[in-house]
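Position chain B relative to chain A; hints supplied.
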Amino acid sequence: MAVTTAAPAASDEKELLISGSEAVAEALALADIDVVTAYPIRPYDTVMQAIAKKIANGQLVAEYIVAEGEHSQFEIVKHASTVGARVFCGSSGVGWAYAMECLVVTPPLRVPMLALVGNRALDDPGAFGVEHNDALFVRDLGWMLCWIDSSQEALDTTLIGYRVAEDRRVFLPLALSADGAFLTHSQALTLVPPREKVDRFLPRYDRGDLLLHPDNPITVAPQANEDWVIEIRRQNDEAMKRAYGVIEEAYADFRRVFGRGPENPWFEEYMTDDAEVILVGMGTISLPIKVGIRNMRARGKKVGLVRLRWFRPFPTERLVAALSGARAIGVIDRDYSFGSPFASGVVANEVRAAMYNAERRPPLLSFISGLGGREVTLEDVDKAADMCFAAAASGKSDTKTHWLGVRE
Amino acid sequence: MADATTFTNATQILEPFRGIKRVTIEEYFTSGHRTCQGCESALVMKLMVKAAGPRTIVLGSTGCMYVANTTYYTTPWVVPWMHTQLGSSGSAALGTAAGLKSLMRKGKMKAEPINVIAFCGDGGGADMGIGAISATLTHKEYNSLILLYDNESYANTDIQLSGLTPYGAHTTFSPPGKVHRLIHRRWKKNMAGMMAAGHPECRYVATVCASYAVEMMNKVRRALTIGGPTFIHSLDPCPKGWDYDPMLSHEMGELAIETGLFPLYEVEDGVVKYYGKTKALVDGRPRKPVREYLLKQGRFAHFTEEDLAHFQSKVDEMWQQWEIPAVVPFRRVDATKAALDVK
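In the order they appear, the protein sequences are chains A and B. So in the numbering used here, the last one in the first sequence is 408, and the numbering has no gaps at all. So in the numbering used here, the last one in the second sequence is 343, and the numbering has no gaps at all.
Hints in this document: simulated from the structure, not taken from any laboratory. Treat the hints with caution; some may be incorrect.
Claimed, not checked - Result set (DSSO-like, lysine-lysine): computed pairs, CA atoms no more than 27 Å apart in a straight line:
id: 1; chain 1: A; residue 1: K396; chain 2: A; residue 2: K383
id: 2; chain 1: B; residue 1: K296; chain 2: B; residue 2: K314
id: 3; chain 1: B; residue 1: K110; chain 2: B; residue 2: K140
id: 4; chain 1: B; residue 1: K279; chain 2: B; residue 2: K188
id: 5; chain 1: B; residue 1: K337; chain 2: B; residue 2: K189
id: 6; chain 1: B; residue 1: K50; chain 2: B; residue 2: K277
id: 7; chain 1: B; residue 1: K50; chain 2: B; residue 2: K279
id: 8; chain 1: B; residue 1: K273; chain 2: B; residue 2: K188
id: 9; chain 1: B; residue 1: K188; chain 2: B; residue 2: K240
id: 10; chain 1: B; residue 1: K188; chain 2: A; residue 2: K54
id: 11; chain 1: A; residue 1: K54; chain 2: B; residue 2: K110
id: 12; chain 1: B; residue 1: K178; chain 2: B; residue 2: K240
id: 13; chain 1: B; residue 1: K108; chain 2: A; residue 2: K197
id: 14; chain 1: B; residue 1: K106; chain 2: A; residue 2: K14
id: 15; chain 1: B; residue 1: K296; chain 2: B; residue 2: K188
id: 16; chain 1: A; residue 1: K54; chain 2: A; residue 2: K14
id: 17; chain 1: A; residue 1: K383; chain 2: A; residue 2: K290
id: 18; chain 1: B; residue 1: K277; chain 2: B; residue 2: K288
id: 19; chain 1: A; residue 1: K54; chain 2: B; residue 2: K106
id: 20; chain 1: B; residue 1: K296; chain 2: B; residue 2: K240
id: 21; chain 1: A; residue 1: K53; chain 2: B; residue 2: K140
id: 22; chain 1: B; residue 1: K140; chain 2: A; residue 2: K54
id: 23; chain 1: B; residue 1: K106; chain 2: A; residue 2: K197
id: 24; chain 1: A; residue 1: K53; chain 2: B; residue 2: K279
id: 25; chain 1: B; residue 1: K337; chain 2: A; residue 2: K53
id: 26; chain 1: B; residue 1: K178; chain 2: B; residue 2: K188
id: 27; chain 1: B; residue 1: K288; chain 2: B; residue 2: K188
id: 28; chain 1: B; residue 1: K108; chain 2: B; residue 2: K140
id: 29; chain 1: A; residue 1: K302; chain 2: A; residue 2: K197
id: 30; chain 1: A; residue 1: K14; chain 2: A; residue 2: K53
Unchecked claim - Distance windows between CB atoms, simulated:
id: 31; chain 1: B; residue 1: F330; chain 2: A; residue 2: V229; range: 47 to 53 Å
id: 32; chain 1: A; residue 1: W228; chain 2: B; residue 2: I13; range: 37 to 43 Å
id: 33; chain 1: A; residue 1: R169; chain 2: B; residue 2: T24; range: 53 to 59 Å
id: 34; chain 1: B; residue 1: G270; chain 2: A; residue 2: E375; range: 34 to 40 Å
id: 35; chain 1: B; residue 1: H180; chain 2: A; residue 2: G208; range: 33 to 39 Å
Claimed, not checked - Chain B is faced by these chain A residues, among others (derived, beta-carbon under 7 Å):
id: 36; residue: A97
id: 37; residue: E101
id: 38; residue: T219
id: 39; residue: V220
id: 40; residue: P222
A quick note: this is a predicted structure, and the numbers were derived from the prediction, not measured. C-beta atoms are modelled at their ideal positions from N, C-alpha and C, and glycine is treated no differently.
Isolated chain A (complex conformation) (with noise of 0.2 Å):
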């Protein structure tokens, strides 16, 4: 339930008490969504909640349908989009999965739809917390995929989520990945922009000569086969290649209307200045590092954190910046990927292949962590920490990925 409290002076911005989902749906309602679907399953399903609650009381126009299954969830808004319509969907864990062919089509069809995936494990056996395979799913398909950390965050990435999808330039769907329960449903003091200034920041989305309408009668997606496709995958290729120009872009501009922001779009860096040993993790897990490293400093050991917003497009160039200098690196996931090179999770390999051609590699430790929402402890980090420590020393990654709080 949102509570109002006092504005701090000299802002035009409402303050909030609000969950990440809460969030959310106050952007949506800024940006004047105009279809969205829901479809029932945690932890997402806090935001259409909190949407229907708007739409309820009029402070949101939409049309707004409940679906009868997520494959239709996604459908729905994925056609309302083609006739001109701003829209929302969203999932978690296997409800994702259920709309994972539409999720597929999505892409090549050009549709900047956005979605909020309140990351869960997936089934079997039923577990409501947080992994990150369920968004991970759509990471070659041409997803946008972010990550966010806090309630503020949810809010302002959601507007710029709609800048930067619906540029056209871009054209090109996002996932907002929200952690479940420890995002979807925390609350924090939240900043909620007039509408005037998101108006300045988002253009309305327009389609332009791919609207599906009887005054520009098009055919859109016949069969393509082996003449066409390559060349329909390769304009998604450059598709995302321009998206890394129009998110600095558009987070230029939010900060520019807004006054706040990051100025690093990508990743977020904490005490890495100075940093030996950087570990690296999406999401909140960012609190517990970032607590395990102001104790770690206070004993004497320079750890840094870099916090990956944008997983797709991959800021590759600007991370390796970013790591190079470190000692070593502990990258920590969220997800697994069973089988994969040295049976590391997705980030710690999608990491080492961005490094390969950097021209100081330092060395690249790979843990698995928080897996089903279990907590990720002050001593986890502390842990992983100390292994980083150990392989500076040496000089050697090691090759092992590390499993941290798990019974063996």
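Frame of chain A, contents of chain B only:
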């Protein structure tokens, strides 16, 4: 926000064509496709969109009428057309209608009634997509028509059986063999009856056959005019899947009606109205024996007299025992009671 219980969307008023000479001459499905010789489904597409007119958006789920109709560099569609996934005709109709409605309501698009038609084959509609179609038929505030073109198999992928393939038919997934003559032993789903009975607020459901082109077009026009979500089931003879001479498609459709196998009717606001030759059957004209229909098709060439008799008995049951003959398969209370009394 408009109150959903009172909000109604305007539709285009499409009066029925009074005879073949009054049908408009414009075509919105033209050359540029590569369907088989004798393909009735291609004719259905042409008639469907001719009936709907130019202010129409068509969504096509995967199937013959996707793959054979729209090969990149060519398109037969004069109106805007978009592919949707195999099981998504319902969602495509709903999403397109919702998008248009939202934009028009909010003043972001010029308000005008635009027809939204999503089509699906028997596989995409009666098998995979039935859930989404069912959901769409409950959303009465969005105007759309879902047209199921039923050629009684997955005909684009090599003729595999679907939930609408007739009992016993030879398909590549149900070949007659030395030990099992009939692999496919499920009776065809009663799709239109199910859609009409299961969705009390869906105002219009009809069955059609392109052998009766003007009536077929008029059912489409009625479905688009009445408003809300509507459903039409079209039986489309398929020379490739049914194995007959392509020149006989029209006759094959007539026989399906005259044998009583496929009834022609419409259900408007819950009232069942038979039409065409089906109405004559209801009024007492004798049904032709189903063997006249079945034995003209290679897919039933392996049938024995016993198979033909079973098939005939099932069709007789449709007409003699169903509460609403050939539409609703429930039995009358007295018949049920009599059956119980015997036990």
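Compare the structure with the hints numbered earlier in the document and write down the numbers of the violated ones, lowest to highest.
10, 24, 25, 29, 33, 34, 35 and 36
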